[in-house]
Amino acid sequence: MFVNQFLFLAAVLFCIGVYGVIARKNAVLMLMSIELILNSVNINLLTFAMRNGSTDGHVFALYIIAVAAAEVGVGLGLVLLVYRNKKTISVDELSEMRG
Amino acid sequence: MNLLAAETEVLAPLASGWFLENAWLIPVIPAIAFALIILIGKRLPMKGSELGVASMLASLVLSAGAAYQWIQRVNSATEEQFVEPVIRSWSWWRSGGFDFGIGQHIDGLSVVVLFVVAFISTLVQIYSLEYLRGDRRYTHFFAALTLFSGGMLAMVLADNMILFLLGWEVMGLCSFMLIGHWWEEDANSRAALKAFFTVRTGDVGLLVGISMLYFAANDWTQENLGLSGFSIRGISAWALSGEPNSTVIMVAAIALFIASIGKSGQFPLHTWLPDAMAGPTPVSSLLHSSTMVVAGVFLVARLYPVFFVGLDILGSGGNLIMFIGAITIVISAALAFVQNDIKRVLAYSTVSQLGYMMLGLGAGAWLPAVFHIFTHAFFKACLFLGAGSISHSASHHSFDMKRDMGGLRKVMPITFTTWIISTLALCGVFPFSGFFSKDEIIDNVGNNGYNTFMIVGLVGAFMTAAYMTRATYLTFFGEPRGASAGHSSHESHDDHASHDDHSSHGPHESGLLITAPLMILSVLALGSGLLNATPFGESWERMKLWVEPRAVEVVDSTYSGGPGESLIVNVPSAGEGSSKSVCGTSTPEIGVCYAPKLEHAKFKWSKAMLSMAIVFLGMVVSWILSMLLFTKRDARLVGLTQRVKILGVGHRFLVNKYYLDDLYEKVIVRSVAYPISSAAYWFNQNVLDGILHSISNLTRKFSGWVYKNIDQRVVDGTVNNSATFTKSVGTAAQPTQSGKVSQYGALLFSAAAVAALVLVIINT
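Chains as they are written, first to last, in our numbering: chain A, 625 to 723; chain D, 2 to 765.
Simulated from the structure, these hints should not be mistaken for lab results.
Any given hint could turn out to be false.
Stated by the list, open to error - Below, in silico cross-link-like pairs of lysine to any residue (SDA-like), each with a Cα-Cα straight-line distance of 25 Å or less:
| id | chain 1 | residue 1 | chain 2 | residue 2 |
| --- | --- | --- | --- | --- |
| 1 | D | 741 | A | 657 |
| 2 | D | 48 | D | 174 |
| 3 | D | 411 | D | 481 |
| 4 | D | 741 | A | 652 |
| 5 | A | 711 | D | 745 |
| 6 | D | 741 | A | 716 |
| 7 | D | 598 | D | 543 |
| 8 | D | 741 | A | 709 |
| 9 | D | 728 | A | 721 |
| 10 | D | 741 | A | 721 |
| 11 | A | 710 | D | 738 |
| 12 | A | 649 | D | 740 |
| 13 | D | 741 | A | 658 |
| 14 | D | 43 | D | 55 |
| 15 | D | 741 | A | 651 |
| 16 | D | 603 | D | 79 |
| 17 | D | 741 | A | 650 |
| 18 | D | 741 | A | 707 |
| 19 | A | 649 | D | 742 |
Only a predicted model underlies this, so the values are computations on that prediction, with no experimental measurement involved.
Work out the full structure: start from the sequences and follow the hints.
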């Protein structure tokens, strides 16, 4: 089994995700990028689980999928509320955390 | 000799059966019923009372089955064989090397008491269905009544002292709830508290006794029988093994006996019992016939070997148990003469009868005393329920014999008949049950060489006959007075008139739910004595055969050669050179004893005739006096106590209950509580406050120094410096706080990337 290929795929997905989070202005797209990051981690976990012949990684991956689903629910809810109040979901407009 | 043959022969196993093996269910059923009544009782069609009655019926059936199988078990044994009790035990909890068990110990004694308790409880619950109809706490009453019976049943079949204590305390708690059932009236809640605290005083003795026995016996029982030092069986064997230190076992026996004094209302802790009449009549009936007060006597009967050895029963000159019993018989019978409340007469009569049981146990008349528990339960329950029937249907909830009763024999024929039967049984008139038990006690006390105590017993019999005749005369004969004459005297309500809807009727007979228990009980008051009718010969002495543990040495093959199999084969054997068992008189040689050897008096009609004559004399004298005093109003007798000074003093002494209540409440409680509280106050003011003041002064000085030197210079300096530093850092870092999420994310990821890089570099 070529572990490298899986790790490489995961790294690529992770970078795409990070790029999306940093560069995208649209909040929904940022959420999607976060999903990409999480799934790249999942791939990593499964890869090493397969290599070590244990099921711990699978269990963790399942947990992460469940948590991610909940997180997307909360995130989309936040986005909806932001849109209702600000009439926009561009994250550049939302700079109220400025110190 | 049979005995020599028995030494080599392996005896057939004893018969057993489902009811004996599962007797532990008997108290479990009422306990579950209690929980159910509390939880769902109010929503049931009969407000939970059906659960109580059903659970008591189930317990009654189980205990009857157990009694039947126990008789079979006894019959399957040979003449001289020790009938092994059916013991099952489980580990309840373990803590620090102590193993607290829970389990059953079924032998003749527990079978008898189980049956009596379940039987009386069932009848009392049926009676309460009518008596408490419409009461505001009907459901709770039945819950407490059921748990109360459950506690007694658990105590009776306990195989160890911890479970025994549990049942004992459950009963104490439930008696508090039941006596104070109508707690809105101050007197009732005071009576409940008094009962609770008086019994608690004795309970301290039980705890001390149990712990002493455990620490004294545990090593021996573990080594020889593989039982814990809490086990009743182990303690019994230990007490008779010749092992125990005489001082230790004496102190333990006295401690346990103090518990008995409290629970069984013996002198000097009997004062709570008459006050306990504040509860509803069914409660009085249950408390004073088969449960609660019998618990103390049961404790002595159950751990009889401990008392036998510890207090030197059968020794010359009498012992503590006998003295207390004899004093109780006489003083409480004397108190019964000056009571106007019918239930109080019965209460003092109960105290006096418990004195007989104690006297019997103290004098080595174990079986007559246990038999007296059995017969007394029936006739005393019947008398109490009869008093309740009168107050319920004839006297507007009043129990005052002088004001509200009289002439009731015509309007209440059933109550009257059952009352008369039970009274004759209580007095010990020949064919009635009380004769066979009470006379046996008196007879055996004399037979064992205690002539003085026998005379006390006969005097007690005379007094019993006299005060019961007085009460009967006042209640059922003469002219109707007060409420029973139809006058409505609402101010005389001793009892809670929560169901006053029938107060417009005159006196009448009670309904079937009340009279049926009365009739059943009176039949037993008449006939139960035949179970051990000594006058008719050996073959009538069933109780002796079934109940009395046989005093033979038991060799237990399980433990003879170390830990063996669970199969237990008992070989009764006679010690070398002696043809009879030596249990209780000297050290058993090859086995263990579970019961001391006791002699039984030979019945003689001449002795019975003597006591009979004394009883009749008491009745006649009392009858004539009552008639002269209460009906004819004879000028020589009326107001005698006012005219003759010495009689007046005696009367006042009795009316004030020997001033024992005053002694306890005004002298002891005051002398203990007041100095303690004033000493506590002084201690508080001078010692504690002084310490506090000096501490606070010291603290103030110290804190002044701390403020000047540490707080101002060190702490404040540090704080000020760090604030300045933070401010400059904050100013420097301000530009990064753009408020843009993307920027934060980028910072986060780059930081993570740097950290990952560092990690990789370090690890390679």
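Results of checking the hints against the structure:
{"no.": "1", "hint": "D:741 - A:657", "in the structure": "holds (17 Å)"}
{"no.": "2", "hint": "D:48 - D:174", "in the structure": "holds (22 Å)"}
{"no.": "3", "hint": "D:411 - D:481", "in the structure": "holds (11 Å)"}
{"no.": "4", "hint": "D:741 - A:652", "in the structure": "holds (16 Å)"}
{"no.": "5", "hint": "A:711 - D:745", "in the structure": "holds (23 Å)"}
{"no.": "6", "hint": "D:741 - A:716", "in the structure": "holds (6 Å)"}
{"no.": "7", "hint": "D:598 - D:543", "in the structure": "holds (18 Å)"}
{"no.": "8", "hint": "D:741 - A:709", "in the structure": "holds (18 Å)"}
{"no.": "9", "hint": "D:728 - A:721", "in the structure": "holds (19 Å)"}
{"no.": "10", "hint": "D:741 - A:721", "in the structure": "holds (7 Å)"}
{"no.": "11", "hint": "A:710 - D:738", "in the structure": "holds (21 Å)"}
{"no.": "12", "hint": "A:649 - D:740", "in the structure": "holds (14 Å)"}
{"no.": "13", "hint": "D:741 - A:658", "in the structure": "holds (17 Å)"}
{"no.": "14", "hint": "D:43 - D:55", "in the structure": "holds (16 Å)"}
{"no.": "15", "hint": "D:741 - A:651", "in the structure": "holds (12 Å)"}
{"no.": "16", "hint": "D:603 - D:79", "in the structure": "holds (24 Å)"}
{"no.": "17", "hint": "D:741 - A:650", "in the structure": "holds (13 Å)"}
{"no.": "18", "hint": "D:741 - A:707", "in the structure": "holds (17 Å)"}
{"no.": "19", "hint": "A:649 - D:742", "in the structure": "holds (10 Å)"}
Comparing the model with each earlier hint shows no violations; every hint is respected.
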